[in-house]
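Chains as they are written, first to last, in the UniProt record's numbering: chain A, 1 to 310; chain B, 1 to 310; chain C, 1 to 310.
Everything labelled a hint here was simulated from the structure, so no lab data went into it.
Fair warning: this is a prediction, and the values are worked out from it, not measured in the lab.
Hints may be right or wrong, so weigh each one.
If several chains are the same, the list does not tell them apart, and a pair holds so long as it fits within one copy or across any two.
Below are the BS3-like pairs computed for lysine-lysine, each with C-alpha atoms no more than 30 Å apart in a straight line [stated by the list, open to error]:
| no. | residue 1 | residue 2 |
| --- | --- | --- |
| 1 | Lys77 | Lys232 |
| 2 | Lys77 | Lys226 |
| 3 | Lys275 | Lys32 |
| 4 | Lys244 | Lys77 |
| 5 | Lys275 | Lys2 |
The primary structure of each chain is shown beneath.
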Amino acid sequence: MKHLLTTNTLSLEEVRTILEDAQAFSEGAVWKPEKQTFVANLFFEPSTRTKCSFEVAERKLGLEVVPFEVNASSVLKGETLYDTIRTLQSVGVEAVVIRHSIDSYFAELEEQIQIPILNAGDGCGHHPTQSLLDLLTIQQEFGRFYGLKVAIIGDIRHSRVARSNANVLKRLGAEIVFSGPKEWFDDSLLEHGRYEEIEQAIVTSDVVMLLRIQHERHEQEGQEGKAVYHQKFGLTLEREQRMKAGSIIMHPAPVNRDVEIADSLVECERSRIFKQMENGVYVRMAVLKRALQQGGKANVNDHQKWSVAY
Amino acid sequence: MKHLLTTNTLSLEEVRTILEDAQAFSEGAVWKPEKQTFVANLFFEPSTRTKCSFEVAERKLGLEVVPFEVNASSVLKGETLYDTIRTLQSVGVEAVVIRHSIDSYFAELEEQIQIPILNAGDGCGHHPTQSLLDLLTIQQEFGRFYGLKVAIIGDIRHSRVARSNANVLKRLGAEIVFSGPKEWFDDSLLEHGRYEEIEQAIVTSDVVMLLRIQHERHEQEGQEGKAVYHQKFGLTLEREQRMKAGSIIMHPAPVNRDVEIADSLVECERSRIFKQMENGVYVRMAVLKRALQQGGKANVNDHQKWSVAY
Amino acid sequence: MKHLLTTNTLSLEEVRTILEDAQAFSEGAVWKPEKQTFVANLFFEPSTRTKCSFEVAERKLGLEVVPFEVNASSVLKGETLYDTIRTLQSVGVEAVVIRHSIDSYFAELEEQIQIPILNAGDGCGHHPTQSLLDLLTIQQEFGRFYGLKVAIIGDIRHSRVARSNANVLKRLGAEIVFSGPKEWFDDSLLEHGRYEEIEQAIVTSDVVMLLRIQHERHEQEGQEGKAVYHQKFGLTLEREQRMKAGSIIMHPAPVNRDVEIADSLVECERSRIFKQMENGVYVRMAVLKRALQQGGKANVNDHQKWSVAY
Numbered sequence: 001m002k003h004l005l006t007t008n009t010l011s012l013e014e015v016r017t018i019l020e021d022a023q024a025f026s027e028g029a030v031w032k033p034e035k036q037t038f039v040a041n042l043f044f045e046p047s048t049r050t051k052c053s054f055e056v057a058e059r060k061l062g063l064e065v066v067p068f069e070v071n072a073s074s075v076l077k078g079e080t081l082y083d084t085i086r087t088l089q090s091v092g093v094e095a096v097v098i099r100h101s102i103d104s105y106f107a108e109l110e111e112q113i114q115i116p117i118l119n120a121g122d123g124c125g126h127h128p129t130q131s132l133l134d135l136l137t138i139q140q141e142f143g144r145f146y147g148l149k150v151a152i153i154g155d156i157r158h159s160r161v162a163r164s165n166a167n168v169l170k171r172l173g174a175e176i177v178f179s180g181p182k183e184w185f186d187d188s189l190l191e192h193g194r195y196e197e198i199e200q201a202i203v204t205s206d207v208v209m210l211l212r213i214q215h216e217r218h219e220q221e222g223q224e225g226k227a228v229y230h231q232k233f234g235l236t237l238e239r240e241q242r243m244k245a246g247s248i249i250m251h252p253a254p255v256n257r258d259v260e261i262a263d264s265l266v267e268c269e270r271s272r273i274f275k276q277m278e279n280g281v282y283v284r285m286a287v288l289k290r291a292l293q294q295g296g297k298a299n300v301n302d303h304q305k306w307s308v309a310y
Numbered sequence: 001m002k003h004l005l006t007t008n009t010l011s012l013e014e015v016r017t018i019l020e021d022a023q024a025f026s027e028g029a030v031w032k033p034e035k036q037t038f039v040a041n042l043f044f045e046p047s048t049r050t051k052c053s054f055e056v057a058e059r060k061l062g063l064e065v066v067p068f069e070v071n072a073s074s075v076l077k078g079e080t081l082y083d084t085i086r087t088l089q090s091v092g093v094e095a096v097v098i099r100h101s102i103d104s105y106f107a108e109l110e111e112q113i114q115i116p117i118l119n120a121g122d123g124c125g126h127h128p129t130q131s132l133l134d135l136l137t138i139q140q141e142f143g144r145f146y147g148l149k150v151a152i153i154g155d156i157r158h159s160r161v162a163r164s165n166a167n168v169l170k171r172l173g174a175e176i177v178f179s180g181p182k183e184w185f186d187d188s189l190l191e192h193g194r195y196e197e198i199e200q201a202i203v204t205s206d207v208v209m210l211l212r213i214q215h216e217r218h219e220q221e222g223q224e225g226k227a228v229y230h231q232k233f234g235l236t237l238e239r240e241q242r243m244k245a246g247s248i249i250m251h252p253a254p255v256n257r258d259v260e261i262a263d264s265l266v267e268c269e270r271s272r273i274f275k276q277m278e279n280g281v282y283v284r285m286a287v288l289k290r291a292l293q294q295g296g297k298a299n300v301n302d303h304q305k306w307s308v309a310y
Numbered sequence: 001m002k003h004l005l006t007t008n009t010l011s012l013e014e015v016r017t018i019l020e021d022a023q024a025f026s027e028g029a030v031w032k033p034e035k036q037t038f039v040a041n042l043f044f045e046p047s048t049r050t051k052c053s054f055e056v057a058e059r060k061l062g063l064e065v066v067p068f069e070v071n072a073s074s075v076l077k078g079e080t081l082y083d084t085i086r087t088l089q090s091v092g093v094e095a096v097v098i099r100h101s102i103d104s105y106f107a108e109l110e111e112q113i114q115i116p117i118l119n120a121g122d123g124c125g126h127h128p129t130q131s132l133l134d135l136l137t138i139q140q141e142f143g144r145f146y147g148l149k150v151a152i153i154g155d156i157r158h159s160r161v162a163r164s165n166a167n168v169l170k171r172l173g174a175e176i177v178f179s180g181p182k183e184w185f186d187d188s189l190l191e192h193g194r195y196e197e198i199e200q201a202i203v204t205s206d207v208v209m210l211l212r213i214q215h216e217r218h219e220q221e222g223q224e225g226k227a228v229y230h231q232k233f234g235l236t237l238e239r240e241q242r243m244k245a246g247s248i249i250m251h252p253a254p255v256n257r258d259v260e261i262a263d264s265l266v267e268c269e270r271s272r273i274f275k276q277m278e279n280g281v282y283v284r285m286a287v288l289k290r291a292l293q294q295g296g297k298a299n300v301n302d303h304q305k306w307s308v309a310y
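The following block holds chain A by itself, in its conformation from the complex (with noise of 0.2 Å):
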């Protein structure tokens, strides 16, 4: 069974092989299940992107979306997850992709659920198709991750992106730093990388990697504070033009215009931001794949064939 829970769990090679699929997908590679096959997206938390792109993604799959409104369920009447899931594969089906305020709120269902799970984020913990997708990315503009330094600035201790995309990247041999306010600094993270000073980060990386301020888990601060945020640890013009030669800006977005970044800078030239966004696309088309194409006990994978055209 192949859920997709955390990247840390994903051997190299299994992210090598990801990659690969959704970067063939990118090119216009085509792969869909032969009979008409079901999925559903529950989305717990509110979500514009991560939402929109599983729906794409599974679209382009030929794939059929059972729609999930949480407030128009039986999780209203208490229902839990797994009695939601597990009615889901009884109506037929055959992959549920999860985004829940619960941090591993899989950790028990893992093994309980014979339909595969995809992880759209959990909590303060992972959100591996993130980290895919920035991946997928950072590999189309550099070929390598080898060598490469990555610094991740922003509000780490509450991003899920962090901490996902740390674990792989330094597993892929990437250098690893943290910046932003020192307060959001986390000593578990340290196994993962240092913390540097936003002005030498800046010079020095070859991706900078820009985190949400999550207002709605910090105090508001108002204007002010936003404007204070910036100035000390927001990419703004003047920091752009000290960024290194070749060096590329990302961000998992939404953005929060002039405070993390400039105004002016999320479509500039050294911005992937919207690259990132396509690219989730392709990355969750490959993780729908391999979940769909390894299946469960419960999937009919027996009796069915795959076309694979590219």
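Dock chains B and C against chain A, hints included.
Showing chains B and C alone in chain A's frame:
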């Protein structure tokens, strides 16, 4: 015109035809309208399994499901149910599936609306597709209804399922008994079956059909109340041991684990709870086929041919 | 690039082409993009008929509709409309349909966004597809606009429809009069037509176009206020008797029955209210075709061929 509003108004002939079609669908039969056909699901109450089940059934028939979210609709501007359905009909919708909190919400609509209405639950009234999927599950198990003893246990007064099932099962020749808290028994049910003590019902019945305790309709009794209910009227591990050889457990779900039924019995060998959900898809395919095939005045059946392949 | 933002900015040539295409669709014409094409509907205000109508139109063109629920999106995290649309574009969406409560929400987006925006209503501003479906309905009835007298009656000040329709109908050669409560008349409308007393408007017009009393925008007047409105300015049974031979009744819906129009007149012989809704689908197919055919810079038109079959 073929609305599906209650099982009470279905003849046994009609019930048998629906079960036959549903069984065929469960074995892989395919039926699709030849032209693009639109339907809409109007759920004015939360639901996971009924809504998802209809969605899957509709997609398996190749239907186009027009999304309808009550909370984003003109119902918020005070539009009546008649005008909402009439609007959907005008834009080309050929059948509507409706769940609504008002008992017999369809009483007036039945004559006014020219496209089939499929009732997916009305207040404490009816839930015909739930009854039909229960029938299919029983028929698959025993091959007959005549002479079977069916115990319906729990919150009978508020249950759509109790009424729908009692009526049709009795007509099909089964013996019905009701059990659970006596104060939840309703004299209007006496025409279908008598009240029986839980211990006797459990050991003598071929089908033990548990109903959901609708916490949202009762006073909140807290954990203690739930444990007491479980001991007095729930299917405990001990009671399951005393069930008749070959008898089965059914529950319309969502299940309150360790209230109506012990947690570990939900997926035990006797349990047909998830089989019921699977059968729900086939039954809904059958009633949708019935509705669309016979259509209404406004339906395009006249210049439409159907393809049926078994 | 072919946004559709207002009818005011459409040339008569463009209006005629859209009506021609819409009429062809109403007669069964088929047009589909050859490749899988994604669109999204962003409704920031409640709607049944406009949203469902666009959905049906999109499916009839074979488009993939990416579900977008405002209340489950990153708009909740403060994402701007620009960033939301830009995100959708990045994941592959090729056109967006938007309803928003802010007048001219598209003013800045128009230049920034590289995929077509189809305006499905902006505040008290415009509602071009409603105007176009009104035009199609009138054209089907009379075969011309020149010389027709059209009375627009009711809540003119808050009506998107009044402004859009007045402008384009006048350009097409129709005579416009406005009626209803004088205090709801708006001097800015004088350029399109004069105010006329209800009794005169009713007996002399070819088209009696009633507008919805927007209770959600006015003080709640209660049942009494509604009855008074109906007697003074509504289409009563008595007034309908005095309408000109061959004249028709229109209303953008949802209708307040027995306020703007007597309950039993909603589906009377003169009424084209549900015909309007049906025509909405064809008009939306036509503007979607127009948008996708001409596309934007980001559009894949270059390597795309279209199949048209009439």
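Outcome of the hint check:
1. Lys77 to Lys232: The answer is between: 23 Å across copies meets 30 Å, while 47 Å in one copy does not.
2. Lys77 to Lys226: between (40 Å within a copy, 15 Å between copies)
3. Lys275 to Lys32: both (24 Å within a copy, 28 Å between copies)
4. Lys244 to Lys77: Result: close neither inside a copy nor across copies, 55 Å intra and 32 Å inter.
5. Lys275 to Lys2: For Lys275 and Lys2, both the intra-copy (27 Å) and inter-copy (25 Å) Cα distances are at most 30 Å.
In this structure, the one hint that does not hold is number 4.
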